[in-house]
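S.K.: Given next are the chains, with one letter for each unit.
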Amino acid sequence: MERTDILDAVYDACVEILKVDKAELGEGTSFAEDLDADSLALVEVVMQLEEQFDLRIPEDDLDDVATIGAAADLVASHLAAA
Amino acid sequence: MTVAPSTARRVVVTGVGAVTPAGADAPATFATALAGRSTASPIGTWDTEGHPVRFAAQVTDFDPSGVIEPREARRIDRVSQLGLVAAEEALTQAGLAGGDAAPAAIDRTRVAVIVSSGVGGILTLEDQITVRVTRGVDRVSPLLIPMMMANATSGLIALRHGFRGTAFSLATACASGADGIGAGLDLIRSGRADVVVAGGAEAAITPTAMAAFARMGALSTRNDDPGAASRPFDRDRDGFVMGEGAGVLVLEAADHAAERGATVLGEVAGYGSTCDAHHITAPDPDGAGAVACMQQALADAGLVPGDVGHVNAHGTSTPLNDAAESLAMAKVFGADAPPTTSTKGVTGHLIGATGAVEAILALLAARAGTVPPVANLVETDVPGEIDLVRAEPRSIAAAPALSNSFGFGGHNASLVLVPDGA
Numbered sequence: 003m004e005r006t007d008i009l010d011a012v013y014d015a016c017v018e019i020l021k022v023d024k025a026e027l028g029e030g031t032s033f034a035e036d037l038d039a040d041s042l043a044l045v046e047v048v049m050q051l052e053e054q055f056d057l058r059i060p061e062d063d064l065d066d067v068a069t070i071g072a073a074a075d076l077v078a079s080h081l082a083a084a
Numbered sequence: 009m010t011v012a013p014s015t016a017r018r019v020v021v022t023g024v025g026a027v028t029p030a031g032a033d034a035p036a037t038f039a040t041a042l043a044g045r046s047t048a049s050p051i052g053t054w055d056t057e058g059h060p061v062r063f064a065a066q067v068t069d070f071d072p073s074g075v076i077e078p079r080e081a082r083r084i085d086r087v088s089q090l091g092l093v094a095a096e097e098a099l100t101q102a103g104l105a106g107g108d109a110a111p112a113a114i115d116r117t118r119v120a121v122i123v124s125s126g127v128g129g130i131l132t133l134e135d136q137i138t139v140r141v142t143r144g145v146d147r148v149s150p151l152l153i154p155m156m157m158a159n160a161t162s163g164l165i166a167l168r169h170g171f172r173g174t175a176f177s178l179a180t181a182c183a184s185g186a187d188g189i190g191a192g193l194d195l196i197r198s199g200r201a202d203v204v205v206a207g208g209a210e211a212a213i214t215p216t217a218m219a220a221f222a223r224m225g226a227l228s229t230r231n232d233d234p235g236a237a238s239r240p241f242d243r244d245r246d247g248f249v250m251g252e253g254a255g256v257l258v259l260e261a262a263d264h265a266a267e268r269g270a271t272v273l274g275e276v277a278g279y280g281s282t283c284d285a286h287h288i289t290a291p292d293p294d295g296a297g298a299v300a301c302m303q304q305a306l307a308d309a310g311l312v313p314g315d316v317g318h319v320n321a322h323g324t325s326t327p328l329n330d331a332a333e334s335l336a337m338a339k340v341f342g343a344d345a346p347p348t349t350s351t352k353g354v355t356g357h358l359i360g361a362t363g364a365v366e367a368i369l370a371l372l373a374a375r376a377g378t379v380p381p382v383a384n385l386v387e388t389d390v391p392g393e394i395d396l397v398r399a400e401p402r403s404i405a406a407a408p409a410l411s412n413s414f415g416f417g418g419h420n421a422s423l424v425l426v427p428d429g430a
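Protein chains in written order, with this note's numbering: chain A, 3 to 84; chain B, 9 to 430.
Rather than coming from a laboratory, the hints here were simulated on the basis of the structure. Even for Gly, the Cβ is constructed at its ideal location relative to N, Cα and C. A hint or two may mislead.
To be verified - Which residues of chain A face chain B? A partial, calculated answer using Cβ under 7 Å:
| id | residue |
| --- | --- |
| 1 | Val17 |
| 2 | Lys21 |
| 3 | Leu42 |
| 4 | Val45 |
Whenever a hint applies, use it, and build me the whole structure from the sequences.
M.R.: This is the structure we're talking about:
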């Protein structure tokens, strides 16, 4: 799995759940500050990624996820461990 | 009678809003009610195969996008979406939200919200139970609780409009919408609020809710002719037709409305509330609780039965309700029963929203001097010989209207609505 594929999946989840324009998204985009997403919305985004990649990511792991890049890293680390 | 006429602040209505199977707003709903045609149709949103009841009165083509952003809509159950849109219409008419002009500057800490529901966000709850059973515990949405909780609609309306007075939802099943208006009346009379956004919303046309209401024998099973199924007070009625929608009124202290130059549609002049304490779902066949409730509302308004120009009955189209309510009305009004309608023949039964939608229709009918007919009423067999409006709308003089709502649990609520100028 290439990192760009994972990033793309995070973008798609944001577009679907947060109804944002994909063109506005980047690795450094902050969920809270740039996308006005609260913790519930972040859980939804990650749930969609879990579904897509057939993963189980503990809620505690979300504490350090502030940006789209960090979300991609989280998915990548769980994929590597799977 | 246990209630003396209130001498407290008068409470007026400065806005109404409705989203119902009969229309996307209050005027459209009233127009459809006047036409006297049922809006029931086969359920189109899920597979009804195997269900004993396969039709309902549905809000079709509901488009909340003018009020709720698509992103927010994902996080709000249909019941609250309906409530938010109805509230927007009412608040816009009252000059307190949206519209072309800037909203009136009022003290938003003095605005309360009481928009209730019979069962809350049951669509989301049902979906998520399926998710848990089929896909596992950790697939359950973190949004389930804020979407299903019974107070969600009141909280969301307060959030959207910055209303910081008390906000709550109450639960008296099919009387919830009416009781919210009564509770709002009391909040203003007691001085706790200047404005109350009051009403009800319901969206319970789900597979499990439909199965459950059908299993208890409450629903009409006229699957071969849904349009003829909701027939309040008719001899051939066989149960109610499940509806969905929302009704919201802006109640306002008369002095507050006058001070800001708001247009007054009418007055909420009286409220009665009793419990049958007879059976958890069946009405008391003697109608004692309903009689006391109507008498309370009239006394609260300082009126006698002869002052009432028309009644919007609860009239569910169930054999038990319509017989008991008719008998109760005959006991209250004697031989001079005013023209009586049940708009559920058109709208179906909107459960927790029904009391609010019918209070709105009663007020609009009183203002128009035209009472909608009972849809599908051909021949009646109810006791009491009440004056049911049939086939065509009935013209009446401008006069107070009485609106009844009764709920499972034995809850009775009656409201007296007086059109401006009557």
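S.K.: Just to be careful: measuring from the Cβ of A/Val17 to every Cβ in chain B, is the smallest value less than 7 Å?
M.R.: Not OK, violated: A/Val17 not within 7 Å of chain B, min 10 Å.
S.K.: Does the CB of A/Leu42 sit less than 7 Å away from some CB of chain B?
M.R.: holds (5 Å)
S.K.: Could you check if A/Lys21 really has its C-beta closer than 7 Å to a C-beta on chain B?
M.R.: holds (4 Å)
S.K.: Under 7 Å is the threshold here; is the Cβ of A/Val45 close enough to any Cβ of chain B for the hint to stand?
M.R.: holds (4 Å)
Consistency note: the structure conflicts with earlier hint 1 alone.
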